[in-house]
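Produce the complete structure using the sequences and hints provided.
For reference, the chains in residue letters:
There are 2 protein chains.
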Amino acid sequence: MAMRKRQLVSNELTEAALQLLALKGFDAVTIDEIATTAGVSKRTFFRYFASKEDVVVQFLADMGADMRAELAARSAEERPSAALQCAVGVPIATCADHSDRALRVVQLILRTPALHARFLERQAQWRDDLAAELAQRLGLDPDSDLYPRLAAGMALNAFDAVLHRWSGSDGAEDPAELIDRAFAVIAPALDTV
Amino acid sequence: MAMRKRQLVSNELTEAALQLLALKGFDAVTIDEIATTAGVSKRTFFRYFASKEDVVVQFLADMGADMRAELAARSAEERPSAALQCAVGVPIATCADHSDRALRVVQLILRTPALHARFLERQAQWRDDLAAELAQRLGLDPDSDLYPRLAAGMALNAFDAVLHRWSGSDGAEDPAELIDRAFAVIAPALDTV
DNA sequence: CCGCTCGTGTCACTGAGTGTCAAGATGTCA
DNA sequence: TGACATCTTGACACTCAGTGACACGAGCGG
Chain A
1 MAMRKRQLVS NELTEAALQL LALKGFDAVT IDEIATTAGV SKRTFFRYFA SKEDVVVQFL
61 ADMGADMRAE LAARSAEERP SAALQCAVGV PIATCADHSD RALRVVQLIL RTPALHARFL
121 ERQAQWRDDL AAELAQRLGL DPDSDLYPRL AAGMALNAFD AVLHRWSGSD GAEDPAELID
181 RAFAVIAPAL DTV
Chain B
1 MAMRKRQLVS NELTEAALQL LALKGFDAVT IDEIATTAGV SKRTFFRYFA SKEDVVVQFL
61 ADMGADMRAE LAARSAEERP SAALQCAVGV PIATCADHSD RALRVVQLIL RTPALHARFL
121 ERQAQWRDDL AAELAQRLGL DPDSDLYPRL AAGMALNAFD AVLHRWSGSD GAEDPAELID
181 RAFAVIAPAL DTV
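Residue numbers (our numbering), protein chains in the order written: chain A, 1 to 193; chain B, 1 to 193.
The set of hints was computed from the structure by calculation and includes no laboratory data.
Source: prediction; values computed, not measured.
Any given hint could turn out to be false.
[Stated by the list, open to error] Between beta-carbon pairs, the in silico distance windows are:
(1) B:E33 to A:K42: 23 to 31 Å
(2) A:T192 to B:T30: 43 to 51 Å
(3) B:L23 to A:A82: 43 to 51 Å
(4) A:L23 to B:A50: 20 to 28 Å
Where is the CB? At the ideal position from N, CA and C, for every residue including glycine.
Below, the structure is given as structure tokens:
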């Protein structure tokens, strides 16, 4: 029950935050405002999120874990480019599924420098995770071999480019097709083993 | 004279900031402290820098312009991988030259989440710059072709990986050799035109 | 000498983020 | 059911980042 309540308040805060931020812009919304809208105090907000940026970025937090899980689930015989494309494809598909909500969040992030910065930092953690998974998968030493980190970086780079185009076209372009085109460019470097 | 004085105060602030931040850690230093050490008021600090992060990141601001300039100066016949490696090599060489100061700054950035986030955001601007230059160089349309953005991203990715290794080894590893190895990995994707 | 501009310091203010404590809700066990 | 322990929350006070307003003094042209 305690956990359920926590989840409930957390959702309430996220909901209020996304609503207000998308409506009025990042800087024009105070944390007091978000907390009051969600029916809690400012102090409680900070018991759930570390900062205003965190509410938004946390909303996408699962993406990293999802990608790593998908990569780990892929057959070891599969070429790295194919496995990585599937891994990156998971969060992209999630976005495409909830295109109404996800598009607004992505546009908010890409348009707000403070959010973009935090988002990139989060991605750096995903990259390290993917690199570790990739190194294990290929039996490489991540401390001496540059390939895992570079490969993971390239995949997330493609991910970023797709998000950027998707957001810039207001969801008009097809994410799946963009992913295909992006990986067609980077695959030659991913599969040279 | 006015510009010289501005530069003088700016240098004083940068000096004081880097000194204090490296010594006590990012969060343990207040802006009041930095300003007082430099002999000015807190208000004046904000007339030179937008935030505490900015003092550090601004210190590396020229890197972006340097890279783009180097890329623009390279012969158009040169393969993209070679041209990009030279472009990225410029700031790396600058780091290696001032290894005492540069190493401390890089380690501070990579170790401090708030700084790392701002640094990545800055890099995103560099990437867009490089992509634009690359698109012009190759006669591609940056709005329809994914290659320029992905190629620039891969190059900066390599740049990042090198900085990470260089910082992690306390400057023991040779940046030039690391760049060579990183570009050996990504070159197959850069040169498939 | 007068007025102009520009850079700076002082002051006051909003908002982010944190520590502390008391009170209430909840969960457990007898 | 009742007593006790735990956890969550709100209220308050505080530090510090960042901004706006204004007044002061230095340098400069008339």
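Evaluated hints:
1. Here the CB-CB span from E33 (chain B) to K42 (chain A) is close to 27 Å, well matched to the stated 23 to 31 Å.
2. At about 50 Å, the CB distance of T192 (chain A) to T30 (chain B) agrees with the hint of 43 to 51 Å.
3. Our hint of 43 to 51 Å for L23 (chain B) and A82 (chain A) holds, since their Cβ atoms are close to 49 Å apart.
4. At roughly 26 Å, the beta-carbon separation of L23 (chain A) and A50 (chain B) lies within the given 20 to 28 Å, and the hint holds.
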